[in-house]
Structures are given as structure tokens and as C-alpha cells.
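These protein sequence lines map, in sequence, to chains A and B.
Counting in my numbering, the first sequence runs from 1 upward without gaps.
Counting in my numbering, the second sequence runs from 109 upward without gaps.
It is worth saying that the hints were derived from the structure and are not from the lab.
There may be inaccurate statements among the hints.
Said to hold, decoys possible - Computed footprint of chain A on chain B; a stretch qualifies when at least three of its residues, placed anywhere within it, have a C-beta under 8 angstroms from a C-beta of chain A: (1) 133-146; (2) 149-160; (3) 319-326.
Said to hold, decoys possible - If you want a taste of the chain A side facing chain B, the calculated C-beta under 8 angstroms gives, among others: (4) P72; (5) T93; (6) T95.
Keep in mind it's a predicted model, so treat the numbers as computed, not measured.
We put the CB at the ideal spot given by N, CA and C, even for glycine.
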Amino acid sequence: MAQQQQHEDEYTHVVPVSLYVGIWAALMVGTLITVLASFAELGIFNIVVALLIATIKGTLVVLFFMHLRYSPKLTMVAVISSIFFLFILFALTMTDYLSRGWATFAGR
Amino acid sequence: MATSTEIQAAERSFQHHFASMEQQRDTATFGMWMFLLTEIMFFGGLFCSYLVYRHTYYTAFVEGSQKMNIILGAINTAVLICSSLSMAMGVRAAQMGKPKLMVILLLITILFGFGFLGIKAVEYHEHWTNHEFPGPNFHFETGDPAHPPTDPTHTEIYFGLYWAMTGLHALHMVIGIGLVTWLVLAGMRGAYSPIYYSPVENVGLYWHFVDLVWIYLFPLLYLISHKHAG
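So that you can see chain A by itself, here it is in the shape it has in the complex:
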């Protein structure tokens, strides 16, 4: 029995309830801060703060609720590379849209 228990622990990580409840509380507080921060006039920083809080919340969900912290390193590499490719999608699209009108050509 004890040996089997030990064997199970090698590949399943049971996260304590207190940690899950802690993550839940952090996500709830994060939501409250997002709403309150949106009413502050921060100019361009409104979106920066909103995305920063969302990213912190998302990281907590992925690391703990989705067990990424306790997953094989391969999973971590795959997730980070996916975010990298998402940013390629955003960055290359915006190089087009942001630079339109920068250059002027004869006849236009």
C-alpha cells in the first residue's frame, strides 16, 4: 500500500486545497482591481494596466489550475513557443497597419 502510494506520487501532483483557494481569491481580487483601475484616468496606461492584470491572472490559471507548474518541461516549452507565435501574428500584422501612410510616393 505505502509503496503504491509512493509510486503514484511520482507522477501525479495533488495540489493542496489551500493553494487552489488562494489562487481563486487572487483571481477575484484581480477582477475587482481591473474594474476599479478602468475607472481611473491613466491615458495610454489604462490598457497597459488592464493587460498586465489579465496576464497575471492568466499566468496563475495556467500554472496552478492547469498544472503547468507540475507538468513535464516539454509542455512548458510548447506553451511558451505558442505565445511566441501569437506575438509574431500580432507583430507582423501591426508592422503593416502601423506603417501605412509613413511613406509617400509620387502620384499619391
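For this one, chain A is given, so just place chain B on it according to the hints.
Chain B in isolation, oriented as in the chain A frame:
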């Protein structure tokens, strides 16, 4: 601790081409992650078009976002976070070999899921009756005579993205509720044990991913700016 029936059930679920249960579980979970990464790119296309149009028609997007019900949106965010907690606890119950507790927690998750969709339906109804749906009947007023809409056709693009992004998210919620219902039915038959619970783990990943998408949708669609854009 695994009983003999649990071990028998686990042996039935062990496929011969895997070296061990551990390898089978890691493979299944990695496969689920691969699917979720394609989902990131799927939603990523919508987020990218949101980025382009918000950048181009910022004031029209602010006017559109001011029609959002922030209170209902915030409540729905909280409902989804609670559903993620009950889902995570359900997976934990499966890991620890407590099928009854798992079924109860998954039923709570389904309840939160329906709660989210119900609140979303109230919001959709509100926008629909206000003609805030892109198409021939689209009509947009800011509700403030001092600040007429800058360009309703640009705000129509905001609502197009709003319905597409939240609609695709809601579709994922409906699929998620279906998957959790399947886990509940299988769980009541005693299909899962600490040795074999990959479906519970992987549906859990899907559920949390849908929560993750909403974490970004809420500030981007509801909380752009509260002051007059004009």
C-alpha cells in the same frame, strides 16, 4: 487507495502501445495541450483583428464599449473563476480517488457554466433589442445628445467583434458543459480512479482555457474607457 475494481477499470483503459500508465497519461495531456495551443491561434486571429480595428477606430470602439453592462460582465467573470475553482477541485477529487466528491464538484461546475450563459443571454438580449447587432438593422446612439456617435459604421465593427468573440467563447462554454456532463455520467459508473483519470484532467484543462480567454475578453471589450471619446 485503489481498490481491485479500480485497478481492473484502469487495466481496461490501458492501451498496449504505451510503455506505462504514466506515459499514457503524459501523452494524453500533451495532446490536449497541443489542441489548446491551436485554440490560442484560433482566438488569436480574432484578437488580432480586434487589435487592428481598435487601433484604427479607437473612439468608435470606446463608444461601443460604453454600451456594455460592466456589472453583469464583472459578475460573469467571478462566476467563471468560481467554476474554475470547482473544476480544479473536481480534478483533485478524481486524483485522490473520491468519485462521489468529484461528481458533486463537477455538477457545481456545470451549474456555474449555466449561470454564465444565463447572464450572457440577458446581455445579448439587451444588445439585440437595442439594435446593437451588426447587419441591416444595426442602429447606434451614444445616449448622450451632446456627444453623437463619431461613426456608427465603425462602432458596428466593434459590435461585430463583440458578438463574434463572446459568441465563440459562449460556444466553447456550451461544449465545455457537454464534456463535463459526460465526465459526470462516466464518473457515476466508476470509470475514473487515481490510476486513470486523464479525461477529467484534460476536460479540466479545456475548462480553464475557456476561463483564460474570458480573462482577456472582459477588459478588452467592457473596460476600454469610461470617459467620452469625442
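Going through the hints against the structure:
{"no.": "1", "hint": "133-146", "result": "holds (count 7)"}
{"no.": "2", "hint": "149-160", "result": "holds (count 7)"}
{"no.": "3", "hint": "319-326", "result": "holds (count 5)"}
{"no.": "4", "hint": "P72", "result": "6 angstroms, holds"}
{"no.": "5", "hint": "T93", "result": "5 angstroms, holds"}
{"no.": "6", "hint": "T95", "result": "12 angstroms, violated"}
Violated hint: 6 only; the structure is consistent with all others.
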